[in-house]
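Could you build all of it, start to finish, from the sequences and the hints given here?
Per this note's numbering, the sequence shown runs over residues 1 to 339.
For the record, the hints were derived by calculation from the structure and aren't laboratory data.
On a predicted model such as this, the values are computed, not experimentally measured, just so you know.
There's no promise every hint is true.
Said to hold, decoys possible - DSS-like cross-link-like pairs, simulated, lysine-lysine; straight-line CA separation at most 27 Å:
| hint | residue 1 | residue 2 |
| --- | --- | --- |
| 1 | Lys68 | Lys2 |
| 2 | Lys165 | Lys68 |
| 3 | Lys31 | Lys136 |
| 4 | Lys165 | Lys214 |
| 5 | Lys74 | Lys125 |
As the list claims (entries may be wrong) - Okay, the calculated beta carbon distance ranges per label pair:
| hint | residue 1 | residue 2 | range |
| --- | --- | --- | --- |
| 6 | Ile194 | Asp316 | 16 to 22 Å |
| 7 | Phe274 | Lys125 | 36 to 42 Å |
| 8 | Lys53 | His100 | 47 to 53 Å |
Idealized CB from N, CA, C, for every residue including glycine.
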Amino acid sequence: MKAITVTKPFELDIATISAPEIDRDDDVIIKVRFGGICGSDIGIYTGGNSLAKYPIVIGHEFVGRVEKVGSAVKHVKKGDFVVSDIVNSCGRCYACRSGHHNVCKHLKVTGVHINGGFAEYAKTKAENVYPIDIHKIPEKTACLIEPYAVGVEINTRANVVAGDKVVVFGSGPAGLAAMQVAIARGAEVLITDIFEERLTLAREMGATKAINVKHVDLRTAINQFTENEGAHVVIDAVCSQQSILEALDVVAPSGRFVVLGTGAAPSEIPQVAFTKKGINVFGTRLNNKRFPEVIKLFEEGKVTPEKMITHTYPFDDIEKAFDVIKNQKNTVCKVLLEW
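In structure tokens:
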């Protein structure tokens, strides 16, 4: 079968490899229809994702139809349209025992540590497979379930509730998903970016306020938004050294700060930035069995993921898709690949 592989940073190939087979009674093999390109896929290609292993078939946002199932699989059958979670945990370590499978000590992430979904066929375990009603959730839209699961995880970690004043740094896919989940929970959200086109999309997707930090003073805007209280929650989907410092500056005393980044570069942060305000800081990664909640949000129309999809390419145009993401940052949001 054809698969999009990264053998090492900056070496991308559409390789011919063996199709996966059923090895365990809980295996499910999916014939892939669509895959969404994530920033972490780009990071694996450029070497910027410090968590990746090589060589790897990339892709962790994918949907398709069941091709084969192991003997123990009962909840899906051949031909069913499905989406797959990507968290593969051991179930035994402290994190798993405490209910945080997404940060398992022995975690293997589909498309990062084990072969992913940018291929004609992908193998996953049954517990990660969720059937989708395509009459309620179109095929392309279903590709956004995984990013929105990350959005749910972010909001759950920060305990976002109705009435919260939430600030999201960055209106790319991760920021927009987190924003819409927060709004669905009853929060008001101010979102930032440096591109007007992205901010226009954020407004179309329900942002309470969207500001261009190239032209508007961040602290002033947040003070106005929060009536000088500071942000109850800051979600940093930019993940730079500067954005972390800015988040600590604008978060309210006793507020919550959620960090998403996977970069390895150190950040110099004074300890007093945490202690003076008594800030609650949360690292977040992937999602912890949030797919059912996201599927319900999609089916009930409480979020509008389809608005994110700006480009779709055949899978063998992966290099063109990467170039568009790199060179059209102001207009591109979610790029899909089609098999």
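Do the beta carbons of Lys53 and His100 sit within 47 to 53 Å of each other?
violated, 22 Å
Tell me if the straight-line CA distance from Lys68 to Lys2 falls inside 27 Å.
holds, 18 Å
Taking the CB of Ile194 and the CB of Asp316, does the distance hold inside 16 to 22 Å?
violated, 32 Å
Please verify whether Lys165 and Lys68 have alpha carbons no more than 27 Å apart.
Violated, at roughly 46 Å.
Looking only at beta-carbon atoms, does the pair Phe274, Lys125 fall within the given range of 36 to 42 Å?
With a Cβ separation near 39 Å, Phe274 and Lys125 satisfy 36 to 42 Å, so the hint holds.
27 Å Cα cutoff - pair Lys31, Lys136:
holds, 21 Å
Holds or violated: are the alpha carbons of Lys165 and Lys214 at most 27 Å from each other?
holds, 22 Å
Hinted pair, alpha-carbon criterion (27 Å max): Lys74, Lys125. Please report holds or violated.
holds, 12 Å
When the structure is compared with the earlier hints, violations turn up for hints 2, 6 and 8 and for no others.
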